[in-house]
Amino acid sequence: METDPVITLPELTSEELARYGRHVILPEVGLDGQKRLKAARILCVGAGGLGSPVLMYLAAAGVGTIGIVDFDTVSVSNLQRQIVHGTPDVGRSKLASAKHRLVHLNPDVRIVLHDGPLQASNALAIIRDYDIVVDGTDNFPARYLVNDACVLSGKLNVYGAVFRFEGQTSVFAAPEGPCYRCLFPEPPPPGLVPSCAEAGVFGVLPGVIGTLQATEAVKLVLGIGEPLVGRLLTYDALHMRIQEFRIPKDPACPVCGTDPSIKGLIDYDQFCGVAPSAQAEPVAATAPAFDFHISPVELHARWQRGDRPFLLDVREPFEYQIARLPEGVLMPLGDLVARADELDPGREIIVYCHHGVRSMRAVAYLRNAGFAGARNLRGGIDAWTDQVDPNVPRY
-8 METDPVITLP
2 ELTSEELARY
12 GRHVILPEVG
22 LDGQKRLKAA
32 RILCVGAGGL
42 GSPVLMYLAA
52 AGVGTIGIVD
62 FDTVSVSNLQ
72 RQIVHGTPDV
82 GRSKLASAKH
92 RLVHLNPDVR
102 IVLHDGPLQA
112 SNALAIIRDY
122 DIVVDGTDNF
132 PARYLVNDAC
142 VLSGKLNVYG
152 AVFRFEGQTS
162 VFAAPEGPCY
172 RCLFPEPPPP
182 GLVPSCAEAG
192 VFGVLPGVIG
202 TLQATEAVKL
212 VLGIGEPLVG
222 RLLTYDALHM
232 RIQEFRIPKD
242 PACPVCGTDP
252 SIKGLIDYDQ
262 FCGVAPSAQA
272 EPVAATAPAF
282 DFHISPVELH
292 ARWQRGDRPF
302 LLDVREPFEY
312 QIARLPEGVL
322 MPLGDLVARA
332 DELDPGREII
342 VYCHHGVRSM
352 RAVAYLRNAG
362 FAGARNLRGG
372 IDAWTDQVDP
382 NVPRY
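In terms of our numbering, the sequence shown has 1 at position 10, counting the first letter as 1, and numbering is strictly consecutive.
Worth flagging that the hints you see were computed from the coordinates, not collected in a lab. What you were told as hints is all true, and nothing was included just to trick you.
Computed list of lysine-lysine pairs in DSBU-like fashion (alpha-carbon distance at most 30 Å, straight line):
#	residue 1	residue 2
1	K146	K90
2	K240	K254
3	K254	K146
4	K210	K90
5	K210	K240
Using the sequences and the hints, build the whole thing.
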């Protein structure tokens, strides 16, 4: 972030000088650099795994205004990696929890809360009040939305993503550099890439990637070093490997190219193929007289009446050891094609997994293979624990 010479930088109090002393004595930062941090306005989209270290290090560094966008509440499963929250915060909104922690960390920082999801209808209005946007989102529609809003607003986008043991980060939407669409012009097909809830994430990994994002944001404010513009940094925690890849700016990019076709924000759920209409159409075509989904409550009610359809568990064996449904038969998704002949095509089959993503893919395959009675347990075994039996362990 370049400082406008006509703007007077804020002065530091004696308490702030003491707090940021290890910064101020760095020649690359100095007194003026710390003043620039105090004047900076950074928005973090998401207060989860990536947002946690981002927010804590930005607050510790003395960034004067930190905005947070989130709409979720803290759950026990978050605490393995979302270190801005604690056990007493379970059930509390992530915004309230994060602000409480940050104010205790640095009471001189102004925290601005944006309660609700970042959407095409509000993104430009929210982002315009900030200098830099840090993307702590965990899904493709949100990443494309953040990217496009940053490009259209002329704001820098500090990107990060994690999956299982691997993470990546870069700086997008700089005037001379590429944007997220230059790297990923099209989203992957729906369901191809499982979420962290389905695939898992190594607990310390978001801490590493989020800290790198905070590093880049602070460097951009100070105007020091070499930012990750045009470079993608990848990190493999399992094998402790860091690699760097050059990302060229795409002249044909629809949002940042020489002749952009995207001049405003679009429907990103539809663009990524996750809109309700995109999911409902194939179901109607394959089985118009039989619902694709069944809720845990409905299945439980039928179970109590003695109506017991076949339960097919498409999770992995280690997940089956943690938690299972009564009479559920394990057949991991990767084995389904080879073992489909073990199933009765004339019987109703309720397929379940952890959260309902893998089971939807399994049901789609089974119906196309002639198993007209295949149905998906909406929300998976996690929803069963939440809605039916709290004694089934959550993970």
